[in-house]
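K.L.:
Single-letter residue listing:
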Amino acid sequence: MRLIFEYSKAGKEGFFVEEEEGKEIIPENLLRPEIEVLPEVSEREVVSHYLRLSALNYSVDWGFYPLGSCTMKYNPKINEEVASFFTEAHPLLPEELVQGYLRVFKELEEALKEITGLDAFTLAPAAGAHGEFTGIITVRNYLEARGERREVVLIPDSAHGTNPATAALSGFRAVEIPSDEKGMIDLEKFKAALNEKVAALMITNPNTLGIFEENIKEISRLLHEVGAFLYMDGANMNALLGQVKVADLGVDVIHLNLHKTFSTPHGGGGPGSGPVGVVEKLAPYLPGPRLVESNGLLLWEEAEGRIRSFYGNFLVMVKALAYIKELGGEGLKEVSEIAVLNSRYLRKRLEKKFKVAYPTETLHEFVLSDETFRDKISTLDLAKRLLDYGFHPPTVYFPLIVHGALMIEPTETESRETLDRFAEAMEKILDEAEKDPEVVKTAPHSTPVGRLDEVGAARKPILTWTQYKEKQD
Amino acid sequence: MSRYIPITQRDREEMLKALGLSSGEELFSSIPQDLRGKSEIKIEPLRSEAALKEYFLSLSRQNSFQDKKVFLGAGAYYHYIPYAVDYLASRSEFLTPYTPYQPEVSQGTLAATFEFQTYMAALTGLEVANASMYEGASATAEAALMALRIRRGDIAVARSLHPQYRQVLRTYLEKQGVELVEIPFREDGRVDLNSLKELDNLSAFIVGYPNFFGVIEDLEAIQGVLKEKGALLVTSTWEALSLALLKPPGAFAASIAAGEAQSFGLPLAYGGPYVGFFATLKKYVWKMPGRLVGMTRDSQGRRGFVLTLSAREQHIRRGRATSNICSNEAWCAVRGAIYLSLLGKKGLRKLALLNHRRAVFASELLSEAGFKLAFSAPFFNEFVVDLGGDAEEFRRRLLERGFVAGYPLGRDYPELKNHLLLTFTEMNSRQDIEALVREMEALK
Amino acid sequence: MIPDELYYTESHEWIRVEGDKATVGITDFAQRELQDIVYVELPEVGKKVKKGDVLCSIDSVKSSAEVYAPISGKVLQVNEALNEQPELVNKDSYGEGWLVVLKLEDPGEISSLLSASKYRELVEE
Chain A
0 MRLIFEYSKA GKEGFFVEEE EGKEIIPENL LRPEIEVLPE VSEREVVSHY LRLSALNYSV
60 DWGFYPLGSC TMKYNPKINE EVASFFTEAH PLLPEELVQG YLRVFKELEE ALKEITGLDA
120 FTLAPAAGAH GEFTGIITVR NYLEARGERR EVVLIPDSAH GTNPATAALS GFRAVEIPSD
180 EKGMIDLEKF KAALNEKVAA LMITNPNTLG IFEENIKEIS RLLHEVGAFL YMDGANMNAL
240 LGQVKVADLG VDVIHLNLHK TFSTPHGGGG PGSGPVGVVE KLAPYLPGPR LVESNGLLLW
300 EEAEGRIRSF YGNFLVMVKA LAYIKELGGE GLKEVSEIAV LNSRYLRKRL EKKFKVAYPT
360 ETLHEFVLSD ETFRDKISTL DLAKRLLDYG FHPPTVYFPL IVHGALMIEP TETESRETLD
420 RFAEAMEKIL DEAEKDPEVV KTAPHSTPVG RLDEVGAARK PILTWTQYKE KQD
Chain B
0 MSRYIPITQR DREEMLKALG LSSGEELFSS IPQDLRGKSE IKIEPLRSEA ALKEYFLSLS
60 RQNSFQDKKV FLGAGAYYHY IPYAVDYLAS RSEFLTPYTP YQPEVSQGTL AATFEFQTYM
120 AALTGLEVAN ASMYEGASAT AEAALMALRI RRGDIAVARS LHPQYRQVLR TYLEKQGVEL
180 VEIPFREDGR VDLNSLKELD NLSAFIVGYP NFFGVIEDLE AIQGVLKEKG ALLVTSTWEA
240 LSLALLKPPG AFAASIAAGE AQSFGLPLAY GGPYVGFFAT LKKYVWKMPG RLVGMTRDSQ
300 GRRGFVLTLS AREQHIRRGR ATSNICSNEA WCAVRGAIYL SLLGKKGLRK LALLNHRRAV
360 FASELLSEAG FKLAFSAPFF NEFVVDLGGD AEEFRRRLLE RGFVAGYPLG RDYPELKNHL
420 LLTFTEMNSR QDIEALVREM EALK
Chain C
0 MIPDELYYTE SHEWIRVEGD KATVGITDFA QRELQDIVYV ELPEVGKKVK KGDVLCSIDS
60 VKSSAEVYAP ISGKVLQVNE ALNEQPELVN KDSYGEGWLV VLKLEDPGEI SSLLSASKYR
120 ELVEE
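Chains as they are written, first to last, in numbering that gives the first Met the number 0: chain A, 0 to 472; chain B, 0 to 443; chain C, 0 to 124.
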C-alpha cells in the first residue's frame, strides 16, 4: 500500500492558489523554509489515492458490524443532506444572525429531555468520554459549592475503561465494585463501599453484559441517602428508548452518545457527540455556555467551567435531531424493541454452540465467553476468521470480567437473514477449529493485509513518514 | 417498521415465537415493572423524507448571515475547501466505520491517519503527532496534563492565549488541584517575559502561537527564560495555516505543540466538529494522550498500519491512563490529510502567504484611514485595531451596514473594550477589504 | 524457572540482596503472563518507595501491569537498556531484564518475602 508521499514529484499541483503581490511583515528569523514532507501531487492522484484507501475499509454501509456497546447501526443518508444546510456559519457570529442554528440546539435539547425525563442538557461534549468528564465535574462542582470534598467515585468492574479514567481526570479516586453471579452490581459489596466520601456511582445500564441492573432504583436511593449521585453511562441507551425514562430509574446525570443511539456516523473513530443531561438541582452546575431564550430570541449565556471551545460538534447534532424527528416517539420505541429482539434472537441462535457468560436475561447485546473453544482457538482467532466470512467481528476481550469475551450487539438495523448468516459463520468457524484449526489461527486470509506485527509496531514505533524515511536511510 | 429496520411484522412474530414470547413487551421483562411507568416519548414523527428536509430547510432559513461580509477568526477560520475533500470524505468507507480496532479491514482510515500524523508533526516541527483530539482547547488542556506527567510544578499560561482555551485549561487543571498562573502581555502584544522570569517551580508555560491578538510570539526569548528554569514550552495554535509560514514550535525546542486544525478542510459549521492536533517529542511518546497509528508489517511482510502504544489508553490502563479520551475526530483528521495532500508543499505556503498579505493589506488601509493598530509585534492573518471608542457599539453599527467586523475583545479583556480583533483570509477579497475600511472610516 | 537464591513476592517480583543493595525484577511467570513487553516505565533515580508502593509499570501490547516495591528503599539505579529493548524482560527476566536497584531502608523487611520454594508453591497452584 502506497502513501501519498510516494506519488510526489516536483512541479505537480493538487489545488490552484492565487498568487497575489503584496507586502509581508514577518521578519526573516520567524519564517520557516518549505515543509519537505508535504507532497506535490495532482488532484487526480489525490483522488485515486484516497479512493483506493477507502476501499480497504470495512464500514456499516458495507455490512454487519456487531461491535458490542458501540451500537453500529445504519446511518441514514438524508441526515447527511440536512447537515449540509448548516456548514457555513462562524461560531462567533452575532446570535441574531444564526437563529436557525440555535434552534437546532434548542430542539435537540428539548428532544433529549423528553427522551430521558431529565431536566437540563448541555450539548457541548465532543464524545462519550468527554461527556463523562462533563457529568462528573458537574457533580463535583455541585458538591464543592456546598463545601463538600468527596474523594471517591464507585465503578462496577464491568464498566468501560473510560469510567475509571474519567474519575481520575476529574480528581476522584475510582473504587471498583465487583459484579455478582447474575452479572449485576453486587448490592452487598456496593453497600459496603458506600459512605460519605463517595461522590457518585457510574453505572452503565443495561451494563456491558447487556444485563439490566434491576437494583438501580435501590442503588439510587442508597446513594442519595449519603448525598451521592447516580451517574449513568448512556452508551447502551439503544436498549431503553421509549421503554424507560432514565429519570424514573433515579439517575441524576447521564451522557448519551449521539453517534451510537442516535445514528450519526462514527467516521472511523469520531466525531461523536456526548450530550449530558441532569436533574434540576445539578442544572446550575453544568458547564457553560448555556442557551437561553428571551423574547423568542435564542442567546448564549456564559457560565463557569467550559470544557471545549465554542458549543459542541454541531453537525453531529443536526444529524441526530433529524433521526429523532423522522422516527418520532413511536419510531424510537420500535428501535429499542427490535434492537432487543434481534439481540435475543441471535443469542438464542448462538447458545446452541457457544457459552453465554451469564445466564441472566439480556437486552440489546450479550457476551459470549471462550469456554466452548478455548482449547482449540482463541477469541482473537475467531474474530479474525469472521473477517473472511465478510463480517466485522464483535467487540473482543471486553468486558474484562469474562474470559475471552465476545460482546455482540446486532442493533435493530439488521435483517433476520443477516443474523442467521452470522450465526452460521460462527458455527462454521467452530467446526473449522475442530477440523482445520490452522486456517482459523492464521486468519484472515481474504483481507487487504493479514495479521499485523503489533509487537514490533509498539517496540519500535514508526508514527510518521518522516520517521520511516529516516530509518530507511 | 421504519425504513431503517429490515424486519417484517412476520419476522418479528416468528422471532418472538422462537424466543417463546408472545409480545414485544415481554422482551423487556428483565426491567422491573415499576420502573416502566410513563415511558412514552411525545415527539411527532416526520416520516416523509421531503417533509423532514423541508423542516431543516425552514430552520436554515431562520439564519440571516449569508449576505454579510464576515471578518471573523478568533479560533475558527473561513478557508475555501476544495471540492475533492468533500467528495472523498463523504465515502461511506471513511464515514461509517467505527474506530479501527480490526486493522486488517481498516487500512484506509489507518493509512490516512498516519498521513495526518506526519503532516501535523511536520507543521509543528516536532517528531510525533497523534491521531487527533476533540478540538484545540481540550487538546491544549491535555497538553498541560501531559506536561505535569513529565515535570511536576505549576502551569503558567499567557493571558494572550485564546480566552476559551484558558477557561478549558482552568476546568481541566483545577480538578487536578493545579493552579494556573496567568502571564500578562506587554504593550507590543507579546508575553511579558519579566513576569515569567519571576516564577519558580514551573512545570510548563503555555503560549498561543500566534496569540489571541494575532501576534507572533518571540518563542526564542520565551524559551530562553524557560530553559533556565527547566520548564517545558507548550504552544497552542488555533490558526494551523500559520504554521505553513512561521518557524515551527519544534524549532524553538517546544516540548508539546497542540491546537486546532479546523483550517485544514473543515467547514465552520458553527463550531464543530473540528479537529484537535497534538505533537511532541519521541522521548515523551508514552506520556501522550490519544490514539496513535504506527507503521508495521503483516505476516507476509506487506506494509500495514495499526493502532499502537495502546497500553497508554483508558481501555487498558483504565484509571491510570494518560487521558480518558476514546472517540476522537478521526474523520476530520482524514479530511485534514486529504486537504493538505491537495494543497501540497507549494500550495499550502502560497495560501499562507495570501492570507498574510491580505491581512497586511487591510492593516495598511486601516492605518491610512487613521485607525490605530493596537500592537506593534508582527501578525499572521489577524490583528487588533484600537478604535478609541466602544468596540461592541462600533461593530453593531457596522453590522447594520452588512459587515461582521471582527471580534470585540472587551468580552474577555476589560482593558481592551475599545479593541476589535479583525481576521482576513483568502475568502475576503481585496474589494471586500476596501469596502470594510471605507465603512469603518465613515463610522469613525 | 525460579532461582533458589532470590526472594519473591506474591505479586511476582523477585529481589536479589547484596549488602545494602537489592536488585528488583519480575519473575519468569509474570513475564509470560504479560506476553510481549513493549514498554517499561522506569522510576527516577533517587525516588523513595515504601514496601508495596508502585515502583514502575510494564506494558505489553494489550495490557499494562504495575510493579510493586518488594521492600522500602531508594532507587539507586534503573536498567536504561530497557528503554531501547523492553523485550529483555521477556528474554531474561532474572538477568538482563532486571528493573531497578534499591538501597535497602530496612533489612528486616526481607524476612517478610517469599523464599523460592514458597513462591514455587504459589505459582504452581
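Keep in mind that the hints are not guaranteed to be accurate.
[Claimed, not checked] Okay, derived cross-link-like pairs now, DSS-like style, lysine-lysine, Cα gap no bigger than 30 angstroms in a straight line:
#1 A:Lys347 to B:Lys16
#2 A:Lys332 to B:Lys41
#3 C:Lys90 to B:Lys226
#4 C:Lys47 to A:Lys470
#5 A:Lys11 to B:Lys345
#6 C:Lys90 to B:Lys281
#7 A:Lys196 to B:Lys41
#8 A:Lys188 to C:Lys47
#9 A:Lys105 to B:Lys67
#10 B:Lys286 to A:Lys468
[Stated by the list, open to error] One side of the interface only, derived from the structure: several residues of chain A facing chain B at Cβ under 7 angstroms:
#11 Ser41
#12 Val46
#13 Ser53
#14 Asn56
#15 Val174
#16 Glu224
#17 Val225
#18 Gly226
#19 Lys244
#20 Gly267
#21 Val291
#22 Gly295
#23 Ser377
[What the hints assert, rightly or not] Pulled from the structure, derived: some chain A residues nowhere near chain C, Cβ distances all over 10 angstroms:
#24 Glu453
#25 Val454
#26 Asp472
Source of the hints: derived by calculation from the structure; they are not laboratory data.
C-beta: ideal position from N, C-alpha, C; glycine also.
K.L.:
Give a verdict on every hint.
P.N.:
Structure-based check of all given hints:
The hinted pair formed by lysine 347 of chain A and lysine 16 of chain B meets the criterion: a straight-line CA distance of about 12 angstroms does not exceed 30 angstroms. Straight-line distance between C-alpha atoms of lysine 332 of chain A and lysine 41 of chain B comes to about 11 angstroms, which keeps the hinted pair within the 30 angstroms bound. Simply put, lysine 90 of chain C and lysine 226 of chain B have alpha-carbon atoms about 40 angstroms apart, too far for the 30 angstroms limit, and the pair is violated. Restraint check for lysine 47 of chain C and lysine 470 of chain A: not satisfied, since their Cα atoms lie roughly 38 angstroms apart, outside the 30 angstroms limit.
Taking the CA atoms of lysine 11 of chain A and lysine 345 of chain B, the gap is near 9 angstroms; set against the 30 angstroms cutoff, the hint holds. At most 30 angstroms may separate the alpha-carbon atoms for a hinted pair to count; lysine 90 of chain C and lysine 281 of chain B meet this at roughly 25 angstroms. Between lysine 196 of chain A and lysine 41 of chain B, the direct Cα distance comes to roughly 39 angstroms. Violation of the 30 angstroms bound is thereby established for this hinted pair. Simply put, lysine 188 of chain A and lysine 47 of chain C have alpha-carbon atoms about 35 angstroms apart, too far for the 30 angstroms limit, and the pair is violated.
Among the hinted pairs, lysine 105 of chain A with lysine 67 of chain B is consistent with the structure: their alpha-carbon atoms are about 24 angstroms apart, no more than 30 angstroms. Between lysine 286 of chain B and lysine 468 of chain A, the direct Cα distance comes to roughly 24 angstroms. Compliance with the 30 angstroms bound is thereby established for this hinted pair. Interface hint at serine 41 of chain A: violated, since its Cβ lies 9 angstroms from the closest Cβ of chain B, which is beyond the 7 angstroms cut-off. Below 7 angstroms, beta-carbon pairs count as interface contacts, and valine 46 of chain A has one with chain B at about 6 angstroms; its hint therefore holds.
At about 4 angstroms, the closest approach between the beta carbon of serine 53 of chain A and any beta carbon in chain B falls short of 7 angstroms, and the interface hint on this residue holds. Among the interface hints, the one on asparagine 56 of chain A holds; its C-beta lies about 4 angstroms from the nearest C-beta in chain B, closer than the 7 angstroms criterion. Hint on valine 174 of chain A is violated. Least Cβ distance to chain B is approximately 10 angstroms, over the 7 angstroms limit. Residue-level restraint check for glutamate 224 of chain A is violated (minimum Cβ-Cβ distance to chain B is 19 angstroms; threshold 7 angstroms).
For valine 225 of chain A, the shortest C-beta to C-beta distance to chain B is roughly 22 angstroms, which exceeds 7 angstroms, and the interface hint is violated. Checking glycine 226 of chain A against chain B: minimum C-beta separation of about 20 angstroms lies over 7 angstroms; hint violated. Interface restraint check: lysine 244 of chain A against chain B, minimum CB-CB distance 6 angstroms, threshold 7 angstroms, status holds. At a threshold of 7 angstroms, the smallest CB-CB gap from glycine 267 of chain A to chain B is about 4 angstroms, leaving the interface hint in force.
A hinted interface residue such as valine 291 of chain A counts as satisfied when its beta carbon comes closer than 7 angstroms to some beta carbon of chain B; here the least separation is about 17 angstroms, so the hint is violated. Annotation: interface hint on glycine 295 of chain A violated; nearest CB of chain B at approximately 11 angstroms, more than 7 angstroms. Hint status for serine 377 of chain A relative to chain B: violated, with the closest Cβ pair at about 15 angstroms, above 7 angstroms. Look at glutamate 453 of chain A: its CB is around 5 angstroms from the nearest CB on chain C, not clear of 10 angstroms, so calling it non-interface is violated.
Residue placement check: valine 454 of chain A does not keep its beta carbon more than 10 angstroms from all beta carbons of chain C (closest about 4 angstroms). A cut-off of 10 angstroms between C-beta atoms confirms that aspartate 472 of chain A is not in contact with chain C; the least separation is 19 angstroms.
Violated hints, in rising order: 3, 4, 7, 8, 11, 15, 16, 17, 18, 21, 22, 23, 24 and 25; the structure is consistent with all others.
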